[in-house]
Each structure stands twice: as structure tokens, then as C-alpha cells.
Amino acid sequence: MSILPGYKIMEVLHENNRVIVYSANTLDDEMPVVIKALKKEAVNPLEIALLMHEYEIIRSIDNDDIVKPLKFEQSGSFFALISKDTDSVTLRKHMNIHGIGLNDFLEIAIRLTEILGQLHQKNIIHRDLKPENILIHPKTGEIHIIDFSSAIQFSPGNSKLSFKSSPIRTPEYMAPEMTGRLKIGADKRSDLYSLGVIFYEMLTGQLPFHASDFAEWVYVHLTCKPEPPESVNAAVPSAVSEIIMKLLNKDPDERYQSTHGLLWDLKECRKQLSETGRIELFQVGRMDNLARFRISGKFYGRKKEIKELMSAFRRVCEGSAEVVLISGESGIGKTMLVTECLNSMIFRKGFFITGKADQLKRNIPYALFVSAFSNLVKQLMTEDNNRLIWWKNKILHSLGRNCAVIAEIIPELELITGKQPPAEALPPQELENRFMTIIRDFIKIFVWKNHPMVLFLDDLQWADRASIKLLKLLVQDADLHYLLILGAFRDNELEEGTLFHEITLEAQRQEKKYN
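Under the numbering used here, the first residue of the sequence shown carries the number 69, and numbering increases by one thereafter.
FYI, nobody ran anything at the bench for these hints, they're computed from the structure. Hints may be right or wrong, so weigh each one.
In silico DSBU-like cross-links for lysine-lysine, where the CA-CA straight-line distance does not exceed 30 Å [stated by the list, open to error]:
{"no.": "1", "residue 1": "314", "residue 2": "339"}
{"no.": "2", "residue 1": "540", "residue 2": "424"}
{"no.": "3", "residue 1": "108", "residue 2": "161"}
{"no.": "4", "residue 1": "335", "residue 2": "318"}
{"no.": "5", "residue 1": "314", "residue 2": "372"}
{"no.": "6", "residue 1": "139", "residue 2": "207"}
{"no.": "7", "residue 1": "537", "residue 2": "487"}
{"no.": "8", "residue 1": "424", "residue 2": "335"}
{"no.": "9", "residue 1": "460", "residue 2": "512"}
{"no.": "10", "residue 1": "139", "residue 2": "190"}
{"no.": "11", "residue 1": "372", "residue 2": "335"}
{"no.": "12", "residue 1": "207", "residue 2": "152"}
{"no.": "13", "residue 1": "537", "residue 2": "429"}
{"no.": "14", "residue 1": "540", "residue 2": "517"}
{"no.": "15", "residue 1": "190", "residue 2": "136"}
{"no.": "16", "residue 1": "517", "residue 2": "537"}
{"no.": "17", "residue 1": "446", "residue 2": "462"}
{"no.": "18", "residue 1": "517", "residue 2": "460"}
{"no.": "19", "residue 1": "462", "residue 2": "517"}
Hey, can you work out the whole structure from these sequences and the hints?
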């Protein structure tokens, strides 16, 4: 059977409501490949964008333990990722056929943790770890992680994404914060929780929780404490049981904070088992890197700035709109200061988006805000279909035909709104005023009570004049609420007499500038 030119389909490996996965051979050299294709009924701009997203995010990972797609194929309405067939089986199948002994568990757990750590170092959260997305070669034991359709790669500018409405593929393995019912956002520790569920299942043969529908899964992940693995399977050493229970803690701050601490504990278990044939109880989590998710101790002398940033965010959550400018020479840690503070801010909903001025784009109008709002649209694209329809209606209701004005500079917006009729033609002198008004209205779509926006604009000394003029308009808008604008700039490279220089002088007069 051939449904894609150049390939011969051998069999269906997997199928759900979105995708169908085939085993196939290339016709030219008969190379075994795996084809992950969108089902015809699932083909829409969002699903195509998500498949492209998966392709791009995997291609960016320089790691042989990740099965990389060879190419992105399109033939008519057929969209697919083509990957080399590793001749492996899923961890699920491996467990069903062979079972998992303690030695086997430790080898697999250590390798999985190492691979996950490499992903996290590249700021990638997988968000759908489960036995079906882990491959093991039956002869070599080589392990691969697959299916990055839910994965997100973040930077300091988008590390706090709106996870509440993001697609949850497999509720059995989701962390409590992934449910959207908590005041905390998902991060790398959410993957560690999923890893804990997998480890639990490997050693006990059952999930730590049981539920019959999505709502019940949300409930058990939020409220129920699992039986320790050693209580379910007496062959599980207490130390291993405690490692898994630490991974399954409801509070991310009480879990392992990084793969580093988990890996150390797993290797200690393997070392003891190899040397003595048993694993003695020890204090788990001793080598964990707690500082990774807290204000860094290297900001000595910056306690005032940290306190002011946190206070500004709290006021914004209560309804204010504020601008904070952070100055200093290159390399003193302005961006790191903002990132560290925002990683410590716990908010239930909302957006943290970033725009960065480019010295080579100073003559391109609104380049800074295009950078920021493209980031925002990418965050929206992580949400499920129902939520995207909700956003589409909200955007179109607020902007009407003016939606096309935004789409002119952010074409990705049409993946959500669809193609819109052009806006009303205006004389050139009125275009700028209309555009600035529309941008202001566009921001207001995304901010309301309990749903703030933090807009971090970096390297403002290089920002184009139109962006700075728009920034000034936002500063002066008394109708804006729940918005915190953080601006970082190099004061030693700031040109006197520019519009942004005037804004910094005004900020100094209002005592909102932090050095």
C-alpha cells in the first residue's frame, strides 16, 4: 500500500484521533522508516502547525537518543514526519513481554534520567512522558524518547507559558500543576513527576492512581497520595521507593528540582546493588540542585531590585499597569535578574512574553513589538482546539476587521483567526494612530483580573523609534490594567536626545528606574 509517493506502507503501528503511525520502506533504497501522519479528519491549520512545531523542536536537539525526523512530507492533504526505524519496542511492550527486575529498572531509569536531563539543559519540557513514548532496542538496550507533539522549548522570555489549556495527551501521567487547577505553572519538574509515574508502574505493574475519566484523573493527581511502591511490591527496596515517592510529590518544590539529584540517587542504588547485592536506605535528594528554581544567591546587593520587581508584579495582579526599567552595562545580569524573579513568581494564569530589539532592525517600524507578539501567538498555539476557538472569537470580537492590521505584521495570527478581510483604507497620516490604537486594544484582549501579562522588552537602547513611541503610549494609557512592562537597556550605549532617552529621564523623575 502506498499513500505517500516514495514510500511503501508495511503496517499500522499506532493510531489515535489525531495521528496514525505507519511502518514503511522507502521505494528507492528500501530503508525502513516510520511515518507519523495527520489523519485526514484532523488536518487543520493548528494541527499542521503543531506537526511542524514537533519537527522543528526535534531537529534542534543534538542528541542521538532522540529519534530525529528525516523530513517533513506533504502530499495534497497528507502531512507527515518521516523518521528512521530504530527497530525498537516501546517500554510498554518491553514491560509486558519481559517484566522489569530491579537491575533492569535501574539501568533503564538511569538512562531515561540522563536523556531527560539533556533535554532540560536545552530548556525543553517533553510534557507527555509515558511508556508508549519510550523506545528500547530489544538487543542493545538502547533507549530513545519519541513524540514531541506536546513538547515546549522555552527561553528566559517564555519560560512561564500558559499551560492550563494546553493539550493534555495522557492524564494518567500528568503532574498536578498540569491540570491547571493550581496557582503554579508547569516546568521541568512536571516531567520528573511523569517519570515518577513511569517508575512506579515499572516496579509495581500498576499505576499509582486509578480513575475512570479525565475529571477523576485530575482529582487523584491533586488530592490522592499513592501507596509506596514497597507496599505494593515487597521486592522494591525502601530507598528506591522513597525516590519514586519524592518524584510523585504534589508540591513541585518538594520533588527533585533537577535530574541531577535524581540521577545521583539512582546511581547510588545501582552502586550498592552491584557491590553488596542489596540497597540500604539513605537520605534521598541530598545532591539536588534546589537553587535552580529560586532566587539565585549570586545577586548579592540586588535585594532591593528583586523586592521591587516582586512588589510591582503583585500590584499588577491587583489591577495596576506598571513599567519598570532596568539599566546597566552588558553582562551585569539584567536579563538574568528578570528571569530569576519571574521564575519565583507564582501565578495561576496569564502570559510572560518577551521581545528583543535588534541593532540591525532599528529602521524597521515596530520590530520590537513584532518580536514580542509573535512570541505571544506561539504560546496561544500550544492550547487545545476548544481554547483556540475561544481565543479566536475573543480576538475577532475585540478587533473586528482591524484584525487584519495585526496579521500584516504577525502572519501567524491567521492560524488562529483565519484569513480576515482587509481593514478600512485610511490616509497615510492616520495609519500610525490607528495601528497604535489597535496594538493597545490587542494587548487588552489578553489581560484581565487574575490573568496578568508580563512583557519583557530587552535591549531597548536599540529599539526602533515606532516601538518606543508605542511603548510611551502604553505607559500613558490609564485604561490599561494587569500589565507589567519590564524594559532592560544598556545605559552606556543609550543615545542622548532619542525618544527612549526622554522616557528614561521621565522614569527617573518618577523613581521607577532601578540601576
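30 Å Cα cutoff - pair residue 190, residue 136: The hint holds at about 16 Å.
Satisfaction of hint between residue 207 and residue 139, Cα-Cα up to 30 Å: Within the cut-off at roughly 27 Å; holds.
Hinted pair residue 446 and residue 462, Cα distance within 30 Å: 17 Å, holds
Proposed proximity, residue 335 with residue 372 (alpha carbon, max 30 Å): This hinted pair is violated, its Cα atoms lying about 41 Å apart.
Satisfaction of hint between residue 460 and residue 517, Cα-Cα up to 30 Å: 20 Å, holds
Agreement of residue 540 and residue 517 with the hint, judged by alpha carbon distance not exceeding 30 Å: 23 Å, holds
Straight-line alpha-carbon gap residue 537 to residue 429, limit 30 Å: Roughly 16 Å separates the two Cα atoms, so the pair holds.
Restraint status (C-alpha distance of residue 108 to residue 161 at most 30 Å): 28 Å, holds
Pairwise hint evaluation, residue 517 against residue 462, where the allowed Cα distance is 30 Å at most: 16 Å, holds
30 Å limit on alpha-carbon distance, applied to hinted pair residue 207 and residue 152: 18 Å, holds
Holds or violated: residue 335 to residue 318, with C-alpha atoms at most 30 Å apart: Measuring from Cα to Cα gives roughly 24 Å; hence the hint holds.
Proposed proximity, residue 339 with residue 314 (alpha carbon, max 30 Å): 20 Å, holds
In terms of the numbered hints stated before, the structure departs from hints 5, 8 and 11, listed from lowest to highest.
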